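Novice: Starting from the known structure of chain A, fit chain B onto it as the hints suggest.
2 protein chains.
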Amino acid sequence: MAKRPLILVTNDDGITAPGIRKLIEVMTSLGDVVVVAPDTPQSGKGHAITLDATLYLTKVKSEITGVDEYTCSGTPADCVKIGIKEVMKMKPDLCVSGINHGSNASINVIYSGTMSAAIEAGIEGIPSIGFSLLDYDWDANFNGLESYVKKIAQNVLENGLPDGVVLNVNFPKLTAEKYKGIKVGRQARANWNEKFDKRVNPMKKEYYWLTGVFENLDGGEDTDEFALENNYISLVPVQFDLTAHHFIQKLNTWDL
Amino acid sequence: MAKRPLILVTNDDGITAPGIRKLIEVMTSLGDVVVVAPDTPQSGKGHAITLDATLYLTKVKSEITGVDEYTCSGTPADCVKIGIKEVMKMKPDLCVSGINHGSNASINVIYSGTMSAAIEAGIEGIPSIGFSLLDYDWDANFNGLESYVKKIAQNVLENGLPDGVVLNVNFPKLTAEKYKGIKVGRQARANWNEKFDKRVNPMKKEYYWLTGVFENLDGGEDTDEFALENNYISLVPVQFDLTAHHFIQKLNTWDL
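Protein chains in written order, with our numbering: chain A, 1 to 256; chain B, 1 to 256.
None of these hints come from the bench; they were simulated from the model. It should be emphasised that the depicted structure is a prediction, and the values quoted were computed from it without experimental measurement. Do not take every clue at face value.
[Said to hold, decoys possible] Calculated pairs, DSSO-like style, for lysine-lysine (alpha carbon to alpha carbon, straight line, at most 30 Å):
| id | chain 1 | residue 1 | chain 2 | residue 2 |
| --- | --- | --- | --- | --- |
| 1 | B | 150 | A | 205 |
| 2 | A | 195 | B | 151 |
| 3 | B | 150 | B | 91 |
| 4 | A | 198 | B | 61 |
[To be verified] Below, a sample of chain B positions facing chain A; criterion: calculated Cβ distance under 10 Å:
| id | residue |
| --- | --- |
| 5 | 45 |
| 6 | 56 |
| 7 | 57 |
| 8 | 61 |
| 9 | 62 |
| 10 | 125 |
| 11 | 134 |
| 12 | 138 |
| 13 | 140 |
| 14 | 141 |
| 15 | 144 |
| 16 | 151 |
| 17 | 190 |
| 18 | 214 |
| 19 | 241 |
| 20 | 255 |
Think of the CB as a built atom: it goes at the ideal place given N, C-alpha and C, for glycine as much as any other residue.
Bound conformation, chain A alone:
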């Protein structure tokens, strides 16, 4: 019998989030699971790493037989680094991150702690996937996603991924029977139109809350946003070579 794959599970909403509990459940049907996840929510932490503070790693009791679970006091990227070096002491066959409570489609991939964990594993040469559901609620309904999560993870385990590529999977907020399937696409060009909510604290000092409205600037029908709006599960291959290769030739004509 083939050896069961070793799978590292992490997220950015913290180890108790319903999204990661669902992801752990699905992964136990595919391999041996180790969980190293933040001890507190880390949404919007981007690809932050902890250089100026100490990190704590704590073994916690898992409700699932055979699953090893640890919390880490750091960011999602820290969890992957410490998970590989100090917990597993080897590279897993697969790293999965999520299931995030909220979208990591289009420009959200840049700010995403979920995707930073997946990308960190990719940098280490580990096949890796981030999963997100377009529902920010703690009580979001993750039922019905299981078969898709499993199928995508199985494909990655069987086919591998090219060096430098990880997958970004986003589920629309729908009951499972409404999903039209999985659509491969590209990251839509979008941004957040920020609004700063200015308030005055009890010491009479002004402060701000960052809020904003999402703006899709991209009319393409091959984008993740288009897929999600049309009830498809979006699958985008993501790379961490940020070079704008198409602009190198032009830059070489500049007077520098």
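Specialist: Coordinates of chain B only, in the frame set by chain A:
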């Protein structure tokens, strides 16, 4: 006479860092300068934004006549967002970030607060450049970089940048007369081989410091690391469309 361009200056080492003071000095020779920079060092913060805490914005006295300076309690990306929306209340003609104390070449671009500020401005459609010197010292020598910083910024002001592209400039740690010039290239494939320094705190609890050794995995002569090793200033165009376009066709053949 042409209107002087409006320039937003930020960084991740904090407003008092010698690197940003040098950058402000150079930018005043090109346009009207507004500074919005973190009130504390933010190295390694990646593209973090502050969603779960308040932000303070404080006007500080500038030593340079005509320059407006503000500190923000948030991340570099927050500084750009609040700088545009609450300080300038308009989009500047140029955003520059740095000069960072330390490398943001190759994979460091992913973890970089300096580059996240530049990328944030790029997302907002503002021509934008991150500058870094390969010297982590607070007392790093920024003299001799001025003419290169100015020339690159002038080129961006004159030529603009395509939507979705920002520039990542890294200077080798050399005295200025040793620079061989500016070399346009791509991000080298590299990673950090982490080592966790495990210690025990006074309460007998184990904790870790994240450290690591940089590994260049890329023998290419067209990379930023190659340029820097050969005494060139490295210039890499960076994009925030993370789609691995080359893998879309293959993904469409998967059994999903």
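Novice: Given residue 144 of chain B as an interface hint, is its Cβ closer than 10 Å to any Cβ of chain A?
Specialist: Nearest chain A Cβ about 16 Å off; hint violated.
Novice: With chain A as the partner, please determine if residue 45 of chain B meets the hint condition of a C-beta pair closer than 10 Å.
Specialist: holds (5 Å)
Novice: Does residue 61 of chain B sit within 30 Å of residue 198 of chain A, going by the straight-line distance between their CA atoms?
Specialist: holds (22 Å)
Novice: Report holds or violated for the interface hint on residue 255 of chain B, using the least CB-CB distance to chain A and a cut-off of 10 Å.
Specialist: holds (7 Å)
Novice: Was the hint right that residue 56 of chain B lines chain A, CB cutoff 10 Å?
Specialist: Holds - the Cβ of residue 56 of chain B comes within 10 Å of chain A, reaching about 5 Å at its closest.
Novice: Does residue 57 of chain B hold up as a contact with chain A if the rule is Cβ-Cβ below 10 Å?
Specialist: Holds - the Cβ of residue 57 of chain B comes within 10 Å of chain A, reaching about 7 Å at its closest.
Novice: Does residue 151 of chain B pass the interface hint, meaning its C-beta sits closer than 10 Å to a C-beta of chain A?
Specialist: holds (6 Å)
Novice: Within a Cα-Cα threshold of 30 Å, do residue 150 of chain B and residue 91 of chain B meet the stated pairing?
Specialist: holds (21 Å)
Novice: Can you confirm whether the C-alpha distance between residue 150 of chain B and residue 205 of chain A stays at or below 30 Å?
Specialist: Roughly 38 Å separates the two Cα atoms, so the pair is violated.
Novice: The hint names residue 62 of chain B as touching chain A; please verify it with the least Cβ-Cβ distance against 10 Å.
Specialist: Result: violated, 20 Å to nearest chain A Cβ.
Novice: With 10 Å as the cut and Cβ atoms as the points, is residue 141 of chain B at the interface with chain A?
Specialist: violated (22 Å)
Novice: Does the structure keep residue 195 of chain A and residue 151 of chain B at a Cα separation of 30 Å or less?
Specialist: violated (34 Å)
Against the hints set out earlier in the document, violations occur for numbers 1, 2, 8, 9, 11, 12, 13, 14, 15, 18.
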